[in-house]
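There are 2 protein chains.
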Amino acid sequence: MSKIAFIGLGNMGAPMAANLVKAGHSVAGFDLVDAAKTAAAASGVAIAASAREAVASADTVVTMLPAGRHVLTAHAELLSATAKGALVIDCSTIDVDSARKAHEAGGAAGVLTLDAPVSGGVGGASGGTLTFMCGGSDEAFARAKPILENMGKRIVHCGGAGAGQAAKICNNMILGATMIVTCEAFALAEKLGLSAQALFDVSSTASGQSWSLTTYCPVPGPVPASPANRDYKPGFAAALMLKDLRLAQEAASSVGALTPLGAEAAQLYALYVAADHGGDDFSGIINFLRGAPKEP
Amino acid sequence: MSKIAFIGLGNMGAPMAANLVKAGHSVAGFDLVDAAKTAAAASGVAIAASAREAVASADTVVTMLPAGRHVLTAHAELLSATAKGALVIDCSTIDVDSARKAHEAGGAAGVLTLDAPVSGGVGGASGGTLTFMCGGSDEAFARAKPILENMGKRIVHCGGAGAGQAAKICNNMILGATMIVTCEAFALAEKLGLSAQALFDVSSTASGQSWSLTTYCPVPGPVPASPANRDYKPGFAAALMLKDLRLAQEAASSVGALTPLGAEAAQLYALYVAADHGGDDFSGIINFLRGAPKEP
Chain A
1 MSKIAFIGLG NMGAPMAANL VKAGHSVAGF DLVDAAKTAA AASGVAIAAS AREAVASADT
61 VVTMLPAGRH VLTAHAELLS ATAKGALVID CSTIDVDSAR KAHEAGGAAG VLTLDAPVSG
121 GVGGASGGTL TFMCGGSDEA FARAKPILEN MGKRIVHCGG AGAGQAAKIC NNMILGATMI
181 VTCEAFALAE KLGLSAQALF DVSSTASGQS WSLTTYCPVP GPVPASPANR DYKPGFAAAL
241 MLKDLRLAQE AASSVGALTP LGAEAAQLYA LYVAADHGGD DFSGIINFLR GAPKEP
Chain B
1 MSKIAFIGLG NMGAPMAANL VKAGHSVAGF DLVDAAKTAA AASGVAIAAS AREAVASADT
61 VVTMLPAGRH VLTAHAELLS ATAKGALVID CSTIDVDSAR KAHEAGGAAG VLTLDAPVSG
121 GVGGASGGTL TFMCGGSDEA FARAKPILEN MGKRIVHCGG AGAGQAAKIC NNMILGATMI
181 VTCEAFALAE KLGLSAQALF DVSSTASGQS WSLTTYCPVP GPVPASPANR DYKPGFAAAL
241 MLKDLRLAQE AASSVGALTP LGAEAAQLYA LYVAADHGGD DFSGIINFLR GAPKEP
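First to last, the protein sequences are chains A and B.
The first sequence begins at 1 in the numbering used here and counts up by one.
The second sequence begins at 1 in the numbering used here and counts up by one.
Hints in this document: simulated from the structure, not taken from any laboratory.
Any given hint could be a false lead.
Note that the list lumps identical chains together, so a pair holds whenever it fits in one copy or between two copies.
Unchecked claim - With a Cα cut of at most 30 Å, we get these calculated DSSO-like pairs of lysine-lysine:
id, residue 1, residue 2
1, Lys233, Lys145
2, Lys101, Lys191
3, Lys145, Lys191
4, Lys153, Lys191
Please read these numbers as outputs of a predicted model, since none were measured by experiment.
Between the sequences and the hints, there should be enough to build the whole structure, so can you do that?
Right, dumping it as structure tokens:
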């Protein structure tokens, strides 16, 4: 069993840390927010007085933070207190450039580093069914895998430093645009007098098939488990989709990649979130595309 | 067995008519192009002197023409020569408004009508494995089904007049945009140093999954049968995808539907076709998104 420091005990980090405790690891945690610390303590996380104290005796450090700047700040503070040869796993979803800077800083400090953003949301974090997309050396991946398996069911080594972040934003860029055009098709079908079920029946077994259609269908009915059947309660909140689409756009700009539909998808989710739908499931954008109902 | 008139013996019509002959039907055909008539005759189609002559003794008329104006012109010419109670199946992919006008004209002339556009391309037409998306009455569909089964393997009744065309353009609008964003993701991944195989491995079993990715993967390697593995020879030519995306945009305009990504996809395929790639497979747009290779 490992001695693990867990930095960032928010909506995702707290249940992830709890699963590490359940698996028998010794987990020292830290967060800047008092309520987060109290909740994590209730699940057996030993709350440290500071992040540096949490990492001092750890062989493994896990960070789960909101954005690249938080990760770089935290790592700058922690690395000098972390044992040489320790493993530092960053599970945050952040920009690729910051992820690579974190790897460089870790390398300079003599620790092994892995970027390992997740998909699966709070449900996956609680249930221990997250997918981890990992970037880093074979050695870092091999050491991290048994620990990540306590928090997820699918642990994928995508490549070197930053590859985990790259895989996540590329996947979610596909997802965001595919969901929007699937919503557009349902909204168009309605106005053409084609039933949602008929479009689903054709496209689900044809070239329009996608996860957005057949697992997460944005209209109620065809896929009973999809958020459309519970008034678009997330699920995957539109604000988080927008975050990922913006990270994809940052990455595309930094390497000169052309992503016209990814850019348009980011703009459309920005409009949707600005219209006060950031907390709705991202498939709820179909209502935005339908326009406001006419007055009777 | 039926007496069938087949109007339009082009790349799609000729092999479809040949399959009707093979199934034992008596098929009288007509086309404006001499070479098309010669080719169809070789497969057992009886070539008529005119379209009116072809339909004169038919219980079933099939039209397979390039666009709505051709269908409306042909039907205007043919309907007065067609027996009352005959079945007129239009397999062309045309705009929804024209399809509905064709139904109206047929109804006024006392024939049963079905719009039944196909997917599956020339390969599906030759192999008899097309999908037919059908719009029209239950009676018209019931009469057409056994005949369409001689040319296809999946015959779907989508709804009333025009529903077949609506289903096809909604499906292909999803397809066009999903393919583009999938290409964008592969092009972005390359520039970020994430391998195509790694992105495929993550997304093919995650929320980025689609037919465009897992059946028709736009990079060589992961899906050996996809056109990417044969230098983007179609497959489904970009010019035909552009046609369908424009039909979707026409339909969206006519009913006031909002389809921002569908519109952008149409513009991007228009740029691709204008750059002399109309004959390439539509997944070849990935090369367009990559930009020109730099001089060494």
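Hint-by-hint comparison with the structure:
1. Proximity of Lys233 to Lys145 under the C-alpha cut-off of 30 Å is found in neither arrangement, the shortest distances being 32 Å within a copy and 42 Å between copies.
2. In this homomeric assembly, Lys101 and Lys191 come within 30 Å of each other (Cα to Cα) only across copies, at 17 Å, whereas the closest approach inside a single copy is 50 Å.
3. For the identical chains of this complex, Lys145 and Lys191 are inter-copy neighbours only, at 27 Å across copies versus 50 Å inside a copy, given an alpha-carbon limit of 30 Å.
4. Taking the shortest Cα distances, Lys153 and Lys191 sit within 30 Å of each other only across copies (29 Å), while inside one copy they are farther apart (42 Å).
In summary, the one numbered hint that this structure violates is 1.
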